[in-house]
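Number of protein chains: 2
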Amino acid sequence: MGPKRAIVLLSGGLDSATVLAIARSRNFECYALSVEYGQRHRAELNAARRLAVALGAHEHRTMRVDLADIGGSALTDIKVPVPQAPGSGIPVTYVPARNTLFLSLALGWAEVIGAADIFMGVNAVDYSGYPDCRPAFIRAFEALARVATKAGVEGGRFHIHAPLIEMSKADIIRAGVDLGVDFAATVSCYQADADGKACGKCDSCRLRAAGFAAARIPDPTVYRP
Amino acid sequence: MGPKRAIVLLSGGLDSATVLAIARSRNFECYALSVEYGQRHRAELNAARRLAVALGAHEHRTMRVDLADIGGSALTDIKVPVPQAPGSGIPVTYVPARNTLFLSLALGWAEVIGAADIFMGVNAVDYSGYPDCRPAFIRAFEALARVATKAGVEGGRFHIHAPLIEMSKADIIRAGVDLGVDFAATVSCYQADADGKACGKCDSCRLRAAGFAAARIPDPTVYRP
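Residue numbers (our numbering), protein chains in the order written: chain L, 50 to 274; chain U, 50 to 274.
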């Protein structure tokens, strides 16, 4: 019997890179999955490709889905501006049903390769405004996976691992550094340029910079002028 | 207040055409959603476009997803032959996590347009081998939708309607005829040609032909020589 296989959702950002490193540290053979969903920050996908190699993923695939067709988010709809300051409630950068969709794609691939474990970098602390970043969502998806799949019907159980879910951004950064993640290779900015250079102004940039400051670790992010 | 909106998953086959007619008969303003997932039977998508218009959908969109990338089904992987006779257990035409994915896409669009109802043509009688065609799956997805969405967090409830789930193929055909569905415009064959002409040999063709026979309704399907 070979090593246990896991699907790891890999966006190319700081969180999912750390999750891949965590999954590897637990000796999973990792199948990294990126999703191109019409997001503005395509630099993330290039980062994902490099990170998959650097962090020892067994395989990396990018699936395309046209979420832009349904609109409704600053991340996929060019008519909705990316906010420059934190708001209250659920942010406009929330993409409807995004994590449900990502987990569905991961679940499909998991069935094909016989993996029972899926890792994702959702976080309930920094992104408390996103409904699909909460433990209740993770548990509900595990329950769904049991009845939705051939493996589940045959008695298998899927585990959705969300190791960052209760961690602060500073905790995540410290965990990633301990596992050798090169955060300079990650892209978090909602409006990064083609080279992955960050704006330094969007919510995601602010959270990231604050995380490095709180962790007392030098911020390797390259900001554009 | 306008009419209640619903997303209707529309493949272009007999079942989903009937579901659209049912949703319209219940006075929903229908947003028909087709998914192009690398399936062989693209003639279905052309049929879906025509059926959306004929059956009075308010809008019709087709989303593309690359399920072929993950393989694992005779419907998306050209290396797996389409079976010519019924087998036992879960058929090789089962696409991993397909209905989970379709419902995720429908859920995302539902959130954007403020719809709380999603209709789909799953059927537990004729397709008992597919885990994601059972009532337990539908209930688990409704539970997921409550915690996965902005609307759910704010107290809304999503209803996944599966009006065909306990119906035989003959029942479905009778219901569709009563609602004025032109079944000649639907495509069920797993390996239909570009014009939608059916093979008459695959599982789907056999179930469809048997349904018309059992309903004592002339079969309008066009078979290729």
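Do not take every clue at face value.
Which copy is meant is left open, because identical chains are indistinguishable; a pair holds if it fits in one copy or across any two.
[Said to hold, decoys possible] Heads up, simulated SDA-like pairs for lysine to any residue below, C-alpha to C-alpha not over 25 Å straight-line:
no.: 1; residue 1: LYS199; residue 2: ALA185
no.: 2; residue 1: LYS199; residue 2: PRO267
no.: 3; residue 1: LYS199; residue 2: SER217
no.: 4; residue 1: LYS250; residue 2: GLY229
no.: 5; residue 1: LYS250; residue 2: ARG113
no.: 6; residue 1: LYS199; residue 2: ALA219
Just so you know, the hints here were simulated from the structure itself, not pulled from any lab data.
Just so you know, these numbers come straight off a predicted model, no measurement behind them.
Legend entry - Which numbered hints fail: Violated hints (numbers, rising): 2, 4, 5 and 6; every other hint is consistent with the structure.
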